[in-house]
Amino acid sequence: MTKQVQQLDRVIIRFAGDSGDGMQLTGDRFTAETAEFGNDLSTLPNFPAEIRAPAGTLPGVSSFQLHFADHDILTPGDAPNVLVAMNPAALKANLSDLPRGADIIANSDEFTKRNLAKVGYAESPLEDESLSEWRVHSVPLTSLTVKALEEFEISKKDAERAKNMFALGLLSWLYHRPVEATIKFIESKFAKKPDIAKSNVAAFNAGWNYGETTEAFSVSYEIKPAKLAPGVYRNISGNQALAYGLIAASVQSGLPLFLGSYPITPASDILHELSKHKRFGIRTFQAEDEIAGVGAALGAAFGGALGVTTTSGPGVALKAETVGLAVTTELPLIVVDVQRAGPSTGMPTKTEQTDLLMALYGRNGESPVPVVAPSTPSDCFDIAVEAARIALKYRTPVMLLSDGYLANGSEPWKLPEIEDLPDISVEFTTEPNGEDGTYLPFKRDTETLARPWAVPGTPGLEHRIGGIEKADGTGNISYDPNNHDLMVRLRQAKIDGIDVPDLEVDDPSGSARVLVLGWGSTYGPIAAAIRRVRRSGSEVAQAHLRHLNPFPKNIGEVLKSYDKVLLPEINLGQLALLLRARFLVDIISYNRVRGLPFKAEELAGVIQDVIDSE
Amino acid sequence: MNGKGLALIPRAEGKQTLKDFKSDQEVRWCPGCGDYAILAAVQSFMPELGIKRENTVFVSGIGCSSRFPYYMNTYGFHSIHGRAPAIATGLAASRPDLSVWVITGDGDALSIGGNHLIHALRRNVNLNILLFNNRIYGLTKGQYSPTSEVGKITKSTPMGSLDRPFNPISLAIGAEAGFVARTLDSDRKHLHSVLREAAAHRGTSLVEIYQNCNIFNDGAFERMKDPATRDAITVRLEHGQPIVFADQAVRLARTGGVEVVPRESVREEEILVHDAHNPDPSLAFALSRLDEPAFTHVPIGVFRSVDRPSYDQLMSEQLEAATAKKGQGSLSDLLHGGDTWRIS
Ligand SMILES: Cc1ncc(C[n+]2csc(CCOP(=O)(O)OP(=O)(O)O)c2C)c(N)n1
Ligand code: SF4
Ligand SMILES: [Mg+2]
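Same order as they appear, the protein sequences are chains R and C. In terms of our numbering, the first sequence has 12 at position 12, counting the first letter as 1, and numbering is strictly consecutive. In terms of our numbering, the second sequence has 233 at position 233, counting the first letter as 1, and numbering is strictly consecutive.
Treat the hints as calculated values from the structure; they're not laboratory data. Glycine included, every Cβ here is placed at the ideal spot set by N, Cα and C. Hints are not guaranteed to be accurate.
Unchecked claim - Now the in silico label distances, taken between C-beta atoms and shown as ranges:
hint	chain 1	residue 1	chain 2	residue 2	range
1	C	Lys15	R	Glu427	39 to 47 Å
2	C	Asp275	R	Ile51	43 to 51 Å
3	C	Asp97	R	Asn483	29 to 37 Å
4	R	Pro481	C	Asp307	50 to 58 Å
5	R	Leu490	C	Gly174	24 to 32 Å
6	C	Asp163	R	Gln492	38 to 46 Å
7	R	Thr446	C	Asp163	53 to 61 Å
Whole structure, please, built from the sequences with the hints as guidance.
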C-alpha cells in the first residue's frame with residue numbers, strides 16, 4: 001500500500017502523559033530529530049512541580065509542545081495541531097487547548113474504567129461522541145509495545161515503559177523524521193542495560209512500522225527544512241545557553257568561573273550544566289543556602305574570579321543583602337534570576353516576569369544594579385556574555401533576568417564564531433595609584449567611574465573593603481555627610497553611564513503609529529503577533545529591551561515618536577510603571593499572569609484593538 | 001596539627017615584624033575592650049607564620065569584633081552580619097594560595113550566621129575562624145547573645161533571658177569540625193600557641209576566644225583571670241598529656257562522659273590522656289561538656305585536631321582530574337558538541 005504524503009509548512013505537536021511516562025524525553029528526542037532534519041523549531045515543556053503526582057491524575061500530567069516549520073518561527077505555537085495523549089488525564093488536561101479538527105493520538109489501553117474514573121470521565125471519550133469534532137486515532141500503544149517486545153527477556157513493567165518509544169517511532173514515521181540519531185541515543189542512554197536498550201530500540205522501530213503498515217494512518221506529512229541563515233546549528237535550551245554563555249565569559253575574560261548556587265527550579269539546570277565543565281577550570285559550589293551561594297561568589301570575586309550565582313525569585317530575595325554589599329564594595333558579580341511564578345513559592349515550574357522591580361529596587365539604600373534580560377533561549381548565551389562584560393568593566397553586580405519559559409524552551413541556535421565573541425578581558429591593578437606609593441581602592445576610572453581591582457596576592461596593594469560607607473578615593477571608613485552624598489551619586493552615575501546599545505525599532509514602512517514594546521521572553525510571542533497583524537494589512541512597530549538598567553539612551557525618543565505604545569508583560573505592569581515615571585509616556589499595558597507565555601493570536605488581537613481604537 | 005595549612009601559601013622573602021601587620025587606621029574599640037588584646041596578639045603572631053602578607057586575608061561579619069580587618073595591614077573584607085564564613089569559603093576555595101582568616105562574634109557566628117558556620121566546619125575549607133565570644137551583642141549595645149547564660153538580664157531581656165546558650169566548642173565538635181580550640185584574650189602565650197596550631201592545620205579551624213566586653217558584659221570571664229579562682233577551674237588541654245589541673249584530674253565517667261575527680265582519689269592510669277588526634281569526636285565532645293554548668297571547669301587549648309582533606313584541595317583535584325582525563329576545555333568544541341547540523 002503506498003500511502004499519501006501531504007506537504008505542510010508547519011506543525012505543532014504536544015506530547016502529554018503522566019509524569020512517569022517519559023514525555024519530556026520523548027519530546028526532546030523528537031526535537032533532536034527535527035533539528036537534525038533542518039526545520040526551524042521552538043519548544044515548550046510544561047511539567048508539574050511534583051516529581052510524581054499520583055499516577056493518572058490531572059496534577060500529574062506532563063507535556064512537551066514542539067512547533068516546527070519550513071520557515072523561521074518565533075514561538076512554540078499557540079495551539080497544537082496534534083495531541084499525543086498517553087492516558088485519560090493527559091487528554092482531559094489538554095483538550096481545551098486543542099482547536100477543532102486537530103488530531104488526537106490516544107493510548108486506548110490506558111482508557112480503563114479506573115483511569116477514566118480518576119479524572120471524572122463517566123464514559124470513555126474515545127467511545128462516545130464527545131470527541132467528534134477532532135480526528136481521533138485510538139491506538140493501543142501499551143499492548144502493541146508489549147507485544148512487540150515479547151521475545152525480550154524483560155519484565156512486563158519494563159516492556160510497558162517502552163511505550164513512549166513506540167509513540168516516538170510512530171510520530172517519527174508520521175512526520176518523516178530521521179531516526180538514526182534516536183537509535184544511537186537509546187543505545188548510549190541504556191548502555192549499561194543492554195536488554196533495555198534493545199527493547200527500547202525495538203519499541204521505537206515497532207512504532208515506526210506500525211505507522212507504515214496500519215490503515216489507521218493513511219497520510220504522512222512532510223515539512224521541508226527551513227531556509228535559515230547559513231551556518232552550523234544546534235538545538236539549545238535557555239538554561240544550557242546561559243551556562244555556555246557563562247563559560248564563554250570565563251574564557252573571554254580570562255578569569256576562572258566560580259559558581260555559588262543553591263538548587264531551585266527552574267534554575268538548577270545551570271548549576272548541573274556548569275558542574276560538568278571542570279576542564280574549563282570552573283568551580284561549582286553547592287552552598288547551604290542562597291545567601292551562602294552569593295556570598296561565596298562574591299568572596300571568589302574579591303579573589304579575582306568571575307563570580308556567579310544562579311537562582312530564582314525566592315533565592316534573589318535571600319541574596320539581596322549580599323548584592324548590596326557587592327554594590328558598595330564595587331566588585332563584579334553576576335546574579336542570574338530564572339524567574340518563576342510568585343509570590344513566595346508560587347508555581348515553581350511556571351513562568352513569569354514579576355521580578356523586575358525586585359531586581360532593580362529590592363535592596364536597602366540607594367543600590368543601583370544593571371539589569372539585562374534575554375529575549376529567546378539562544379539569546380541567553382549572548383546575554384550572559386553581556387552581563388559579564390558589564391560586571392567586569394564597571395565592577396558591579398549585574399542582574400540577569402531569564403525565566404522559566406526561556407530556561408526550558410529550546411530553539412535552533414546558529415553557533416557563533418569564537419573570533420566574533422567580545423574580548424572582555426580585565427587587567428588587575430598591580431601598581432599603586434596614589435601619591436607616595438599608596439593604593440586608593442576607590443579612585444575611579446575617569447571615563448567608566450569603575451574602581452581599580454587589586455586582588456589578594458598583589459604585593460603593596462593590601463587594602464580593606466567592606467559594607468560601611470567609604471571615603472571617596474581611599475576607601476577608608478567615612479561617616480562624613482557630604483562624602484556619603486557624593487558616593488551615593490557616584491555609584492548611581494557609574495551605573496547610569498554604562499554603555500548600552502541603542503534600542504532598535506522594527507518599523508518596515510516607517511509610518512506605523514503604534515509601537516509594541518517588550519522585554520525578556522515575550523519577544524517570540526510579540527514578534528509572531530506583529531507578523532500576523534502586518535499580514536492582515538496593518539502597520540505596527542516593534543522594539544524589544546534587553547537592557548533594563550540603564551535603558552538604552554534613545555529609548556525616550558523612541559517612545560515619544562509613536563502615538564501609542566503597547567507593552568505586554570507577564571506581570572501587572574512593572575516595566576510600564578518605570579517608563580511612565582521616567583518618560584511621562586502613557587503606556588498601554590497588557591498583562592496576564594497565568595504562569596504561561598502569551599499566545600501570538602491573543603497578542604495579535606490586542607495589538608489590532610490598539611491600532612483600531614481611537 | 002597536620003602542618004599543611006600553609007603549604008600552598010607563598011613564603012615571605014624577608015623577615016616580617018609586628019609593625020608590618022598594623023594598618024594606618026585608628027583602632028576604635030572602647031578603651032579596655034578585650035578586642036585590643038586579641039588584635040595585638042594576632043599582629044604579633046602573624047610574622048611568625050613567614051607567609052607573604054599580601055597572601056593573607058581577614059574576612060569578617062558585623063559586630064565590634066568584626067571591625068578587626070581594618071586594623072590589619074593585609075587584604076581585608078568587612079562583610080555583612082553572619083556571612084563571613086560563606087564569603088571566605090568562596091575566596092579560599094578559589095584561591096588555595098591564600099591564608100584566610102574569619103573574624104566573627106558570638107552573635108555573628110552563632111545567631112545570624114549559625115548555618116554558615118556549621119556548614120563551613122562540615123565542609124572543611126582551608127579557613128581559620130576566630131570566634132570572639134563576649135557572650136553579648138556588643139555593637140548593638142548589649143542585648144543577650146546565643147552564648148549568654150540563661151536568666152541574663154539585658155535591655156531586651158529585663159526579666160532574664162529564657163533560652164539556653166550554645167557551647168561553641170560542643171557545637172563545632174558536633175558539626176565534626178577538624179580543628180577546635182578555645183583560648184582567652186588575656187593569655188597572649190596561650191593565644192599564640194593555639195593560633196599557631198590553627199594556622200598549621202589545613203582545613204577549617206575554629207578557635208573560640210573568650211573576650212571581655214567591659215561595657216556590656218564586664219567580667220564574664222573573670223573567674224578564669226582572677227588568680228584566686230583561675231587555676232581551680234582552668235583545664236589546660238595538651239595533646240598526649242594526662243588531663244590534670246590544680247589538685248584535680250579528669251577520667252572517664254560511668255555515664256559515658258568524663259568527670260572531674262580529686263587527683264589523689266585516682267590511679268595514674270585512670271587519668272584521661274588527651275588525644276586531640278582521635279578521629280572519633282566523642283571524647284573531645286565529652287571534654288567540652290566539662291564546662292557544664294558554665295565555669296565550673298573550663299577546658300582551654302586544642303580539643304580536636306584531626307587531619308582530613310580540605311574542601312578546596314578536593315575541589316582542585318576534581319578540576320585536575322577532569323583536565324587530565326580529557327584535556328583542557330575548548331570553547332569551540334563545547335559549542336559544537338552535541339547534535340549539530342550545517343545550513344549552507
Ligand atoms: C542583617 C543585620 N541584622 C542586624 C544587624 C545588627 N547587628 C550588628 S552587630 C549585631 C550583633 C553583634 O554581636 P556579636 O556578633 O556578638 O559581636 P560583638 O559586637 O559582640 O563583637 C547585630 C545584631 C546587622 N548589622 N545586620
Ligand atoms: S561594646 Fe564591648 S565589645 Fe564592643 S568595643 Fe566596647 S567593650 Fe568591646
Ligand atoms: Mg558578642
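>> So, against the hints stated earlier in the document, which numbers end up violated here?
In response: 1 and 5
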